[in-house]
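**Q** Listed below are the residues making up each chain.
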Amino acid sequence: MSLFKVENISIAFGGVKALNNVSFEVNEGEVFTIIGPNGAGKSTLFNVISRIYQPNEGKIYFEGNDISKVAPHKISSLGIARTFQNLELFENATVLQNLLLGRHIFKKTNFLNEMFHTPKVRKGEMEHRLKVEEIIDFLDLQHYRDTLINGLPYGVRKNVELARALCTSPKILLLDEPSSGLTNEETNDLGFWIKDIQSILKITIIMIEHDMSFVNKVSDRILALNYGEILASGLPSEIKEDAGVKAAYMGE
Amino acid sequence: MQLIQLIIDGVASGCIYGLVALGFVLIYKATETINFAQGDILMLGAFVAFSLIGVLGLNYILGFVLTVMIIAVFGFFLDAVVVRQIIGQPAFATVMLTIGLGFIFRGFASIYWGTDIFSFSTPFSGKITEVGGLIISYVNISIIVGTTLLMGILFAFFSFTKIGVAMRASSENQLAAYYMGIPVKFIFSLIWSISAGVAAIAGVLLAPITLVDTSISLIGLKAFAAAVLGGFGSIPGAIVGGIIIGIVEQLCGTYENYLFEGIREISAYLVLILTLIIYPRGLFSDKAEVKKV
Numbered sequence: 151m152s153l154f155k156v157e158n159i160s161i162a163f164g165g166v167k168a169l170n171n172v173s174f175e176v177n178e179g180e181v182f183t184i185i186g187p188n189g190a191g192k193s194t195l196f197n198v199i200s201r202i203y204q205p206n207e208g209k210i211y212f213e214g215n216d217i218s219k220v221a222p223h224k225i226s227s228l229g230i231a232r233t234f235q236n237l238e239l240f241e242n243a244t245v246l247q248n249l250l251l252g253r254h255i256f257k258k259t260n261f262l263n264e265m266f267h268t269p270k271v272r273k274g275e276m277e278h279r280l281k282v283e284e285i286i287d288f289l290d291l292q293h294y295r296d297t298l299i300n301g302l303p304y305g306v307r308k309n310v311e312l313a314r315a316l317c318t319s320p321k322i323l324l325l326d327e328p329s330s331g332l333t334n335e336e337t338n339d340l341g342f343w344i345k346d347i348q349s350i351l352k353i354t355i356i357m358i359e360h361d362m363s364f365v366n367k368v369s370d371r372i373l374a375l376n377y378g379e380i381l382a383s384g385l386p387s388e389i390k391e392d393a394g395v396k397a398a399y400m401g402e
Numbered sequence: 014m015q016l017i018q019l020i021i022d023g024v025a026s027g028c029i030y031g032l033v034a035l036g037f038v039l040i041y042k043a044t045e046t047i048n049f050a051q052g053d054i055l056m057l058g059a060f061v062a063f064s065l066i067g068v069l070g071l072n073y074i075l076g077f078v079l080t081v082m083i084i085a086v087f088g089f090f091l092d093a094v095v096v097r098q099i100i101g102q103p104a105f106a107t108v109m110l111t112i113g114l115g116f117i118f119r120g121f122a123s124i125y126w127g128t129d130i131f132s133f134s135t136p137f138s139g140k141i142t143e144v145g146g147l148i149i150s151y152v153n154i155s156i157i158v159g160t161t162l163l164m165g166i167l168f169a170f171f172s173f174t175k176i177g178v179a180m181r182a183s184s185e186n187q188l189a190a191y192y193m194g195i196p197v198k199f200i201f202s203l204i205w206s207i208s209a210g211v212a213a214i215a216g217v218l219l220a221p222i223t224l225v226d227t228s229i230s231l232i233g234l235k236a237f238a239a240a241v242l243g244g245f246g247s248i249p250g251a252i253v254g255g256i257i258i259g260i261v262e263q264l265c266g267t268y269e270n271y272l273f274e275g276i277r278e279i280s281a282y283l284v285l286i287l288t289l290i291i292y293p294r295g296l297f298s299d300k301a302e303v304k305k306v
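Residue numbers (the numbering used here), protein chains in the order written: chain A, 151 to 402; chain B, 14 to 306.
Please keep in mind that the hints were generated in silico from the structure rather than gathered at the bench.
Computed from a predicted structure; not experimentally measured.
All residues carry an ideal CB built from backbone N, CA and C; glycine is no exception.
Worth double-checking, as some hints may not be accurate.
[Unchecked claim] Using C-beta positions, here's what the derived DEER-type ranges look like:
no., chain 1, residue 1, chain 2, residue 2, range
1, B, 101, A, 277, 33 to 41 Å
2, A, 321, B, 69, 51 to 59 Å
3, B, 74, A, 211, 51 to 59 Å
4, A, 391, B, 101, 40 to 48 Å
5, A, 300, B, 108, 23 to 31 Å
I would like the entire structure built from these sequences, with the hints used as guidance.
**A** Structure representation (structure tokens):
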């Protein structure tokens, strides 16, 4: 059964049709990659999925429920997490604080308890901290725990954003160009981590990516977009041979 | 001795500036807009307290709490209904809007309550205490103690509570806050609500000194100077900025003869200009330090 389904999504900005009748399904446990030249509508699609943009037409289903009308701040409690192409971290906070914010949706204590920092609150904080430490170990961030984000190199920041998304204990993870700005070595590491997230944490991944060798290495299925329309979709080997995709990338 | 006396008076009026400045800072940090109606909200607070305590004859504490609640709810809807409509417009639009709102509030107050000067009795009015030769009025004590308590509560609120942390997160990065499950728009309205509530507290505490009329909204101007002086960044900065201006104003007023006539009225802005020449970012700029909301 498909975990995530997008049905006939269309969205226009003024006269520009950014997405035109796009539909696809993502199965539980797979790495699903969206590719396409610049301006193909990949990021728009992501912003529609994560509810920043309201589509003109179409519906989005997650675990069989229609989430097309859900407010953006409710998305993470449904179990959908995302990272951003240009990083959206809390710059003046430490890595640990950023990750702890990922646990925000799970805090159930009430206001007065928090004001007086009661044992119940302390117990909750400890549980959240343990979860965060698991993720820190998973992504090798031990070294940076108490460093401010604005003092970190770009590659580490990308990693922190991934970690923060994982801290929300998602069922599905949306990655917007996870390898952009990374060195070859960092991209290699990322490949292993994505495989680990898939196999160990059992999280489904939808990702936008440009680096084709990276895409072919980690993806189970690929969707190619061009000018807001679906060009092709299928296994990496099929996409590689697809005439339309070749034309879009290389020119006619 | 007289100097200490003056400083105490200055700290008290400075606390009021600081509280209003705090409202400026909270809203600016979160939404990057400046609410120029902050002083007018203080005025509304004083008037509502006058209606509840002076006219309806409610108990002071009850009247105080009710006033703060009413103004806080008012602040919430001010953002949710009016200010939110112009999100995405140039910053200038918000400036014009809030200045306009200030005029409306003042106009409403003079229509509804009239242009007379009102007062209502408080448990602090007219009482003084003597400590080692210093004469301290209960009103001043109430202002200083009230401000200190409020600062403590706000500190705990922003440091320990889920919603306080959500506010800091929303101030820092709206998009990321959304994906941490924080309802950012609601949080922004809450920040307006807190700012309005704090202004109302300042208004009620101030009422025994300045009495209640529409001109007290002008405190907003000096409070703005205090906020800039404090670096427009941190809560402590706003309060310290307010206190500095309060003390300088008090000293200038008393030693006017040695300086020049009327210096009291412009002292707040003189301090501001002099400080900005030396520290262009204000005293407590938040650059390169952890954001304190």
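**Q** If a hint holds in the structure, say so; if it doesn't, say that too.
**A** Hint check results:
1. Evaluation of the 33 to 41 Å hint for residue 101 of chain B and residue 277 of chain A yields a pass: the beta carbon distance comes to about 39 Å.
2. As the Cβ distance of residue 321 of chain A to residue 69 of chain B is approximately 56 Å, the hint placing it in 51 to 59 Å holds.
3. Under the hint 51 to 59 Å, the C-beta atoms of residue 74 of chain B and residue 211 of chain A, about 54 Å apart, fit the expected range.
4. Evaluation of the 40 to 48 Å hint for residue 391 of chain A and residue 101 of chain B yields a pass: the beta carbon distance comes to about 45 Å.
5. In this structure the supplied range 23 to 31 Å holds for residue 300 of chain A paired with residue 108 of chain B, their Cβ-Cβ distance being about 29 Å.
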